[in-house]
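Trainee: The residues making up each chain are set out below.
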Amino acid sequence: MNEETKKKITNILKDNKVCLFMKGTPETPQCGFSLAISNVLKHLKIDFKGINVLDNADIREGIKTFSDWPTIPQLYIGEEFIGGCDIVKEMFEKGELQKKLDLN
Amino acid sequence: MGLKISEIEGLIKEAMPDAEITIEDLAGDENHYSATIKSKIFSGKSKVEQHKIVYKALKGKMGTELHALALNTIEG
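Going down the list, the sequences are from chains A and B.
Read in order, the letters of the first sequence are residues 1 to 104 in this note's numbering.
Read in order, the letters of the second sequence are residues 1 to 76 in this note's numbering.
Bound-form chain B, shown alone:
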């Protein structure tokens, strides 16, 4: 279980090439992360839509392989 920071970054970059990403491993267990993501793709979208874009980028890993990812999305 768990995903490495590089894997999370890779998946997000794949879906959002312009994203500026900062990820922190909150508990040092590769399972509880906090991510700040800035991208033009978020522009004009609601927070729910912005977070859904990130979850889609993670291809179903959110809530399964990845237990917790606190998200802060910023319009780029």
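With the rest of the complex left out, here is chain A:
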């Protein structure tokens, strides 16, 4: 990953409390896993920034290196990497995601 991509990702994370790196957009997700996380956040009425990696090849590959995580989607809250679809769903079911988002 080049410095420019790293900086771009860092800035996105700084500017948005909740960031979802996904395939497609929150309105029209292009992958079932991206849809699943997007739906959880919408259900919790969370305002989040969806970053469509299909629109940006640098970020698509860069975020994998940045997070040391091989798949998309990826959720960040407060610049902290939370996980992919399985982890987010599990945290939601246990109420841990709501805690992270200060909803309790």
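Please note that the accuracy of each hint is not assured.
For lysine-lysine, the following DSS-like pairs were computed, each having C-alpha atoms within a straight-line distance of at most 30 angstroms [claimed, not checked]:
#1 Lys49(A) x Lys23(A)
#2 Lys38(B) x Lys94(A)
#3 Lys7(A) x Lys47(B)
#4 Lys4(B) x Lys23(A)
#5 Lys94(A) x Lys17(A)
From the structure, some residues in chain B lie toward chain A, with a derived Cβ separation under 10 angstroms [unchecked claim]:
#6 Thr22
#7 Ser43
#8 Gly44
#9 Lys45
#10 Val48
#11 His51
#12 Tyr55
#13 Leu58
#14 Lys61
#15 Met62
#16 Thr64
#17 Leu69
#18 Ala70
#19 Leu71
#20 Thr73
If you are wondering where the hints come from, they were derived from the structure by calculation, not from laboratory data.
Where is the CB? At the ideal position from N, CA and C, for every residue including glycine.
Let chain A serve as the given structure and place chain B on it in line with the hints.
Mentor: Below, chain B without anything else, positioned relative to chain A:
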């Protein structure tokens, strides 16, 4: 493209010999799997760390040869 259940199991066993593994082929296409893995190696680690251990065991195949592997990791 795609990996067989036996190949996935083999790679995980190689990295985590004590692992109890159950894998399901969700779509019957050798590309969308769900795996439950129980191992002592996961003890005291966060979910992100646990999943990273599994991804490392798959040696870069996750997200390339293997499109989707839903993971459920359990501390053994």
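Trainee: Work down the list of hints and note, for each, if the structure agrees.
Mentor: Quick rundown of the hints versus the structure:
1. A threshold of 30 angstroms between alpha carbons decides the hint, and for Lys49(A) with Lys23(A) the separation of about 13 angstroms falls inside it, so the pair holds.
2. About 19 angstroms separates the Cα atoms of Lys38(B) and Lys94(A), which keeps this hinted pair within 30 angstroms; it holds.
3. Restraint check for Lys7(A) and Lys47(B): satisfied, since their Cα atoms lie roughly 27 angstroms apart, inside the 30 angstroms limit.
4. With a C-alpha separation of about 26 angstroms, the suggested pair Lys4(B) and Lys23(A) falls inside the 30 angstroms cut-off, and the hint holds.
5. Proximity of Lys94(A) to Lys17(A) is assessed by CA-CA distance (about 21 angstroms); at most 30 angstroms being required, the pair is judged to hold.
6. Of the supplied interface hints, the one on Thr22(B) is violated, with its beta-carbon coming no nearer than about 15 angstroms to a beta-carbon of chain A, more than 10 angstroms.
7. Because the closest C-beta pair between Ser43(B) and chain A is about 17 angstroms apart, greater than 10 angstroms, the hint is violated.
8. This hint is violated: Gly44(B) has a C-beta 17 angstroms from the nearest C-beta of chain A, more than the 10 angstroms allowed.
9. Evaluation of the Lys45(B) hint against chain A yields a violated restraint, the C-beta minimum of about 12 angstroms exceeding 10 angstroms.
10. With its C-beta approaching chain A no nearer than about 5 angstroms, Val48(B) sits inside the 10 angstroms limit, and its interface hint holds.
11. For His51(B), the suggested interface contact is upheld, since its CB lies about 7 angstroms from the closest CB of chain A, less than 10 angstroms.
12. Interface hint status for Tyr55(B): upheld, as the beta-carbon distance to the closest one in chain A is roughly 5 angstroms, under 10 angstroms.
13. With a cut of 10 angstroms, the hint placing Leu58(B) at the interface with chain A holds, because the nearest CB-to-CB distance is about 8 angstroms.
14. Interface restraint check for Lys61(B): the shortest CB-CB distance to chain A comes to about 9 angstroms, inside 10 angstroms, so the restraint holds.
15. A cut of 10 angstroms between beta carbons decides the hint on Met62(B): the least distance to chain A is about 4 angstroms, and the hint holds.
16. Against a cut-off of 10 angstroms between C-beta atoms, the interface hint on Thr64(B) holds, since the closest Cβ of chain A lies about 8 angstroms away.
17. This hint holds: Leu69(B) has a C-beta 8 angstroms from the nearest C-beta of chain A, less than the 10 angstroms allowed.
18. Checking Ala70(B) against chain A by beta carbon gives a least distance of about 5 angstroms; that is within 10 angstroms, so the hint holds.
19. The closest approach between the C-beta of Leu71(B) and any C-beta of chain A is roughly 5 angstroms, which is under the 10 angstroms cut-off, so the hint is satisfied.
20. Evaluation of the Thr73(B) hint against chain A yields a held restraint, the C-beta minimum of about 9 angstroms falling below 10 angstroms.
This entry does not satisfy hints 6, 7, 8 and 9, going by the numbered hints stated previously.
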